[in-house]
Amino acid sequence: MTNPYGYINGRVRMLRADLLPARVIDDAAGAGNYAEYLRVVSETPLREDMGDATAQDAGLAELDTALSRNYLRSIQHLRSIAVGQPAREVEALLLRYDVLNAKTLVRGVLAGRGSEDILTALVPAGTIPWPVLQAAATATDVASLAQTLAVAGGKIGGVLRSAVGAGANSLLDLEVALDQGYYRTVLAGVRGVNVRRYFTREIDVRNVLIALQLRGSAPSSRYFIPGGRDVTEADFLRVAGGDNTLGDPSLQAILEAPDLASAELVARRQLDEASRNVAMSDALGAGIVLDYLRRKEQEIAKLRLIGRGKFYNLPAEDLRRELSDA
Amino acid sequence: MKKIVKYLPALTAATVASSALAQEAAAGAATGDANAAGLRAIGAGLALGLGAVGTGLAQGPIGAAAAGVVAERPEKFGQMAIWFFIPETLVIFGFVGFFLLR
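Line by line, the protein sequences give chains A and B. Counting in UniProt numbering, the first sequence runs from 1 upward without gaps. Counting in UniProt numbering, the second sequence runs from 1 upward without gaps.
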């Protein structure tokens, strides 16, 4: 009879109330210089993590560390709240960061980037321990990366190792394999109807984006992610083959974007809206947690972007445009 | 005297019958009172019991959410207590019904 999310969502709603309001983000974006930006951020709940970032000779590295620390603390706090089935669902939601990190590592290793470079691009969240990510960033090839992640990196590491074992070697092959494993795990772990509906939507969107990416090459159904609702494998192959029509108007809007970057932007906005909707309709489920994670991620991404803009004296107009795309 | 003897059985029968009817009526009235009292007691019990069950059903999720909110923001205890106690009105109304029916 009792719903464990009643307690958890009460806490998450309060955490969500701690997120920076749009006014503070605007103030930070409107700061005259980097020092003023730091002052604005230091007057927010992020102040306890700012520490070294506000020191005299501190630069972007210290700011990144501070923002990452705040993000990681929020995620750890969220994980400490949930127990039982909700804890499993929260872990399933956090796998998203494992996939993002695994993709960043794969891209970095394939491009031959240094471990320091790769580490700065990783998101300090998810279920893979940070030392494991640090060790994985030093890998010289994808096989050893997959091995490192599989030993201590949980489910996503296992997915990557299986994909490498099956012969996947291109970036797209590996990314799609990670997505397929991730969505399979998430759909198996998440019970709430509304959250499942959100993820089936996300799968549809991802399939459309992959199909757009595949245009110009031979379409293959091995890149299709099963589990969606509105995009079938036949639709996927049709779109990948150059057809520009889909029954769903919002998915159609993604197809009609002028280029892939714009399509990704349209897709991201649609998913943001979907996560807000699921938070409203799933008051006694994981929807609130899902929405909080997305909002926190956006908050940190925006602060990072503004910090860079202020550090390099980017014109206010350019910064505003970048922020609207974030 | 003969006439009286002649009507005696009828008189006796009438007397006995009227007495029996009076007893039955009295018994019927007593049974009706008992039924009414029983129904009132059941009604009073339902008023109090259902009010309490309704309060419990409402306070369960409110209490869980309030505990979550207070865990993050202890300063919101007073506000959460008000929300938590609002369903108590259900059981208070149940009490009123209970005393009216007793």
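Please note that a few of the clues may not be correct.
Unchecked claim - Label-pair ranges, simulated between beta-carbon atoms:
id	chain 1	residue 1	chain 2	residue 2	range
1	B	W83	A	N244	43 to 53 Å
2	A	A283	B	T31	47 to 57 Å
3	B	I42	A	P4	31 to 41 Å
4	B	E75	A	E322	34 to 44 Å
5	A	R16	B	W83	56 to 66 Å
6	A	T120	B	R73	30 to 40 Å
No lab work stands behind these hints, which were simulated from the structure alone. All residues carry an ideal CB built from backbone N, CA and C; glycine is no exception.
Which numbered conditions among the earlier hints are violated in the structure presented, ordered from lowest to highest?
5
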